[in-house]
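Asker: Take a look at the letters that make up each chain.
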Amino acid sequence: MKNFSQNDIISIRDLSKDNLEEIYSKTNEIIEMKAEERREIARGKTLGYLFFEPSTRTRLSFQSAMALLGGTSFGIADATSSSVQKGESLADTVRIMSGYTDAIVLRHSLDGSSKFAAEVSSKPIINAGSGTEEHPTQAIQDLYTIKKELGKIDGKNIGIVGDLKYGRTVYSLLYGLSNYDVNVHLISPESLKIRSDSTYNLKENLSYTESENLDEYIEDLDVLYVTRIQKERFPDEEEYVKVKGSYVIGQDVVNKMKDDSILLHPLPRIDEISTDVDSSKQAKYFQQAEYGKFTRAAILSLLLQ
Amino acid sequence: MKNFSQNDIISIRDLSKDNLEEIYSKTNEIIEMKAEERREIARGKTLGYLFFEPSTRTRLSFQSAMALLGGTSFGIADATSSSVQKGESLADTVRIMSGYTDAIVLRHSLDGSSKFAAEVSSKPIINAGSGTEEHPTQAIQDLYTIKKELGKIDGKNIGIVGDLKYGRTVYSLLYGLSNYDVNVHLISPESLKIRSDSTYNLKENLSYTESENLDEYIEDLDVLYVTRIQKERFPDEEEYVKVKGSYVIGQDVVNKMKDDSILLHPLPRIDEISTDVDSSKQAKYFQQAEYGKFTRAAILSLLLQ
Amino acid sequence: MKNFSQNDIISIRDLSKDNLEEIYSKTNEIIEMKAEERREIARGKTLGYLFFEPSTRTRLSFQSAMALLGGTSFGIADATSSSVQKGESLADTVRIMSGYTDAIVLRHSLDGSSKFAAEVSSKPIINAGSGTEEHPTQAIQDLYTIKKELGKIDGKNIGIVGDLKYGRTVYSLLYGLSNYDVNVHLISPESLKIRSDSTYNLKENLSYTESENLDEYIEDLDVLYVTRIQKERFPDEEEYVKVKGSYVIGQDVVNKMKDDSILLHPLPRIDEISTDVDSSKQAKYFQQAEYGKFTRAAILSLLLQ
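Those protein sequences? They're chains P, E and W, same order as listed. First residue of the first sequence? That's 1 in UniProt numbering, and the numbers climb one at a time after it. First residue of the second sequence? That's 1 in UniProt numbering, and the numbers climb one at a time after it. First residue of the third sequence? That's 1 in UniProt numbering, and the numbers climb one at a time after it.
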């Protein structure tokens with residue numbers, strides 16, 4: 001991607017390291033701006049959201065980002081109460097929405113949906129999660145959090161634990177991390193390892209280990225990124241119960257972590273991290289969520305200019 | 001209607017030709033205005049929407065219109081998550097909403113609902129679709145599109161094809177067209193002809209033919225207005241399949257159309273128009289949808305002044 | 001409560017008489033302000049709403065209040081389309097929302113939910129109805145209406161009729177009234193009397209009678225506050241039908257009321273008050289609803305400062 005202006009955010013893979021650094025800079029700039037100055041950035045601009053899958057967090061963080069910039073947002077929070085029910089195609093919905101707004105945020109269950117939407121839209125499309133692999137704005141938020149909290153991303157030991165197979169967040173984060181010189185440790189039960197079809201061109205750019213045992217790495221990690229393990233992903237309940245217990249991050253696990261390491265989670269959390277860990281020094285997941293407001297404001301600011 | 005200020009938009013039948021022309025002028029004015037100027041029109045004003053039937057397009061176009069004018073909109077997008085479920089009457093809901101906002105957009109399945117709402121509301125009511133006949137803001141958008149794209153409405157040959165019996169859009173458009181000197185050709189299967197009870201006082205002001213055969217007229221049309229044919233309207237599936245095929249507008253049909261004719265559709269489209277037609281010169285339905293943002297902004301601007 | 005700035009509104013019991021009077025003053029101030037002046041109060045500020053129970057009226061009145069002050073609101077109108085479905089805790093939802101907005105409005109079925117939310121939120125929490133007892137902003141709106149319409153609250157005879165057992169509105173109103181020197185008459189069927197567990201520390205500050213017979217008091221009342229009687233609260237339908245009829249306020253009942261008395265209802269109304277009463281001098285429930293916009297604007301204005 002050459003420049004952001006009036007462009008789309010479809011995949012984290014489209015963003016070079018320079019693109020990412022530009023977003024981080026813009027994020028810092030927005031955080032430091034005076035409120036009155038920020039409100040001028042998208043004044044009179046509109047953001048349309050089209051959520052074909054439920055997602056509170058992502059929608060609200062985009063709405064808060066747009067409000068921060070002085071703009072307005074509206075759309076479809078839940079595709080069940082929409083014309084989509086009348087059988088309208090995604091292409092038509094997007095095309096019409098692009099006549100109503102200055103940019104569109106799209107969440108859709110299908111791989112490629114955002115790319116497809118961008119082809120028919122006359123306004124920038126921002127992928128707010130599609131299919132099994134893509135959630136670029138989440139990855140940007142995650143990378144920004146690491147950089148902001150640890151000063152830099154290069155040279156860090158990053159553990160990612162939990163369900164690595166089904167979470168689109170993990171794939172986007174890995175592709176994002178492949179721009180940096182990091183050591184990644186993937187920790188999951190055998191049945192929830194990352195899919196090779198989604199990572200085959202990742203290996204040349206990113207060095208990572210795979211393991212079932214968090215204890216091997218915990219003491220050396222700078223970042224521990226925890227993901228949700230969903231019961232419905234398991235073939236039988238017995239295996240779920242076994243696995244679930246082994247990846248719950250409690251205070252005992254945090255105690256093994258370095259003093260200046262950080263614990264992240266894309267949220268929502270069910271019980272992968274005990275709530276008694278929330279007050280620990282390492283717990284940064286709520287901060288990470290709040291950074292999402294500013295990274296999304298930065299993205300909107302770059303696209304709408 | 002004498003003037004728009006603080007008045008209601010209940011039926012296209014309440015609007016004289018002068019009223020319509022005033023809306024077209026205001027629409028042109030708003031399109032040409034600078035963004036900063038537009039944003040002053042409804043600054044600090046609020047639009048409440050009450051949708052008792054699902055409708056994405058109409059709601060979003062009103063929200064985009066209100067945002068364009070610098071105002072705020074909020075309301076009930078889906079009456080199932082509202083006090084209506086607690087058994088509240090439409091009158092009470094409207095009365096309370098009129099205490100919260102500067103104007104109300106109402107969609108409701110009952111004929112007469114908007115008229116009734118206007119009687120109890122202390123603020124202007126805009127009918128966003130009621131019962132079987134009324135959808136005045138859609139008709140205004142359709143008329144504006146014809147005028148904008150063809151220069152004038154008078155003297156044009158206008159074909160309307162599809163389900164003419166059940167679509168409220170068609171009736172409102174016909175009443176709107178009755179202000180002009182046009183030739184209308186209604187083309188539908190026998191079972192989906194327009195209802196005589198909804199058109200009995202139309203015939204004196206509008207000359208139209210009825211036919212099952214689009215081919216008779218296609219070469220002479222200036223406007224071909226296509227409507228959705230809904231499967232559930234047919235007594236048996238066999239008839240549906242037969243009819244459906246015969247009114248699908250493909251490139252072969254468009255090829256017969258005049259070079260400077262236009263193809264319209266109120267949308268959402270299912271498959272009445274093939275997507276390969278989208279790129280044809282005649283296809284103006286997405287443009288028509290976008291004009292709806294500006295015609296609604298014009299209406300809001302006139303009512304709120 | 002010492003002062004409102006950045007504080008929470010959890011329970012009407014936390015508010016002293018001085019606090020209440022400060023809200024009334026602020027409400028009057030906001031009503032009298034010029035629109036341009038009002039719009040500066042929350043300019044660039046955001047209100048997040050989290051509704052875990054449906055409530056149109058309360059949500060819309062907060063949205064209209066925020067718009068009046070020039071601010072933006074967004075959130076979850078209906079918890080079924082949210083991450084809550086993914087099993088997220090209330091604490092996490094609130095914590096994240098507090099990173100996105102400047103204040104949070106919460107409606108939740110559990111007693112204590114707002115207090116709990118306030119403990120984890122970094123921004124002010126406003127209880128928009130919780131559990132069986134608390135609906136402080138409704139009580140403030142009710143008290144303000146009495147004061148505004150009758151000049152003062154002290155010395156007034158206030159009848160409250162209907163379902164006094166299950167309505168959270170009644171308990172909050174009673175606690176609010178306990179700041180004033182009033183005579184309260186509670187009128188309900190035996191099975192819908194107020195719960196003693198919710199009022200045991202009310203009696204020292206508020207004098208009230210309990211009766212089944214509205215006729216005993218009707219002529220002396222300054223305020224008649226009517227609540228909804230819900231069918232589903234009754235053990236058998238026969239009792240419901242019997243009770244329902246006896247508390248419907250028709251014109252015959254209003255005729256017995258003093259000329260300068262007022263008839264209130266928190267709304268939505270089903271049929272506890274006949275619609276022919278709406279035009280009577282005493283009927284102030286729609287006015288009461290509209291005051292809610294201004295009292296909520298006053299509350300927001302005080303909290304956000």
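Any given hint could turn out to be false.
With a Cα cut of at most 27 Å, we get these calculated DSS-like pairs of lysine-lysine [as the list claims (entries may be wrong)]:
| no. | chain 1 | residue 1 | chain 2 | residue 2 |
| --- | --- | --- | --- | --- |
| 1 | P | K203 | P | K115 |
| 2 | E | K147 | E | K2 |
| 3 | W | K256 | P | K34 |
| 4 | E | K115 | W | K281 |
| 5 | P | K26 | P | K165 |
| 6 | W | K148 | W | K231 |
| 7 | E | K242 | E | K203 |
| 8 | E | K45 | W | K26 |
| 9 | W | K148 | E | K45 |
| 10 | P | K115 | E | K115 |
| 11 | E | K26 | P | K45 |
| 12 | W | K26 | P | K281 |
| 13 | W | K45 | E | K45 |
| 14 | P | K148 | P | K17 |
| 15 | E | K258 | E | K193 |
| 16 | W | K148 | W | K34 |
| 17 | P | K45 | E | K45 |
| 18 | P | K45 | E | K148 |
| 19 | W | K34 | E | K45 |
| 20 | E | K148 | E | K231 |
| 21 | W | K148 | W | K258 |
| 22 | W | K45 | P | K45 |
| 23 | W | K152 | W | K231 |
| 24 | W | K244 | W | K152 |
| 25 | E | K34 | P | K45 |
| 26 | P | K148 | W | K45 |
| 27 | P | K26 | W | K115 |
Sample of chain E residues with no beta-carbon within 12 Å of chain W, all distances over it, derived [what the hints assert, rightly or not]:
| no. | residue |
| --- | --- |
| 28 | S16 |
| 29 | L20 |
| 30 | D111 |
| 31 | G245 |
| 32 | K256 |
To give an idea of the chain E side of the interface with chain W (calculated C-beta under 8 Å), a few residues [stated by the list, open to error]:
| no. | residue |
| --- | --- |
| 33 | M1 |
| 34 | G44 |
| 35 | T46 |
| 36 | G70 |
| 37 | T72 |
| 38 | F74 |
| 39 | E88 |
| 40 | D92 |
Derived by calculation from the structure, the hints in this document are not laboratory data. Yeah, the Cβ is synthetic: ideal placement off N, Cα and C, and Gly gets one too.
Asker: Each hint: holds or not?
Answerer: Comparing the hints with the structure gives:
no.: 1; hint: K203/P to K115/P; result: 24 Å, holds
no.: 2; hint: K147/E to K2/E; result: 23 Å, holds
no.: 3; hint: K256/W to K34/P; result: 60 Å, violated
no.: 4; hint: K115/E to K281/W; result: 25 Å, holds
no.: 5; hint: K26/P to K165/P; result: 32 Å, violated
no.: 6; hint: K148/W to K231/W; result: 33 Å, violated
no.: 7; hint: K242/E to K203/E; result: 30 Å, violated
no.: 8; hint: K45/E to K26/W; result: 21 Å, holds
no.: 9; hint: K148/W to K45/E; result: 25 Å, holds
no.: 10; hint: K115/P to K115/E; result: 45 Å, violated
no.: 11; hint: K26/E to K45/P; result: 21 Å, holds
no.: 12; hint: K26/W to K281/P; result: 42 Å, violated
no.: 13; hint: K45/W to K45/E; result: 17 Å, holds
no.: 14; hint: K148/P to K17/P; result: 16 Å, holds
no.: 15; hint: K258/E to K193/E; result: 26 Å, holds
no.: 16; hint: K148/W to K34/W; result: 20 Å, holds
no.: 17; hint: K45/P to K45/E; result: 17 Å, holds
no.: 18; hint: K45/P to K148/E; result: 25 Å, holds
no.: 19; hint: K34/W to K45/E; result: 13 Å, holds
no.: 20; hint: K148/E to K231/E; result: 33 Å, violated
no.: 21; hint: K148/W to K258/W; result: 17 Å, holds
no.: 22; hint: K45/W to K45/P; result: 17 Å, holds
no.: 23; hint: K152/W to K231/W; result: 35 Å, violated
no.: 24; hint: K244/W to K152/W; result: 32 Å, violated
no.: 25; hint: K34/E to K45/P; result: 13 Å, holds
no.: 26; hint: K148/P to K45/W; result: 25 Å, holds
no.: 27; hint: K26/P to K115/W; result: 37 Å, violated
no.: 28; hint: S16; result: 33 Å, holds
no.: 29; hint: L20; result: 31 Å, holds
no.: 30; hint: D111; result: 21 Å, holds
no.: 31; hint: G245; result: 38 Å, holds
no.: 32; hint: K256; result: 46 Å, holds
no.: 33; hint: M1; result: 27 Å, violated
no.: 34; hint: G44; result: 5 Å, holds
no.: 35; hint: T46; result: 5 Å, holds
no.: 36; hint: G70; result: 11 Å, violated
no.: 37; hint: T72; result: 4 Å, holds
no.: 38; hint: F74; result: 4 Å, holds
no.: 39; hint: E88; result: 4 Å, holds
no.: 40; hint: D92; result: 6 Å, holds
In terms of the numbered hints stated before, the structure departs from hints 3, 5, 6, 7, 10, 12, 20, 23, 24, 27, 33, 36, listed from lowest to highest.
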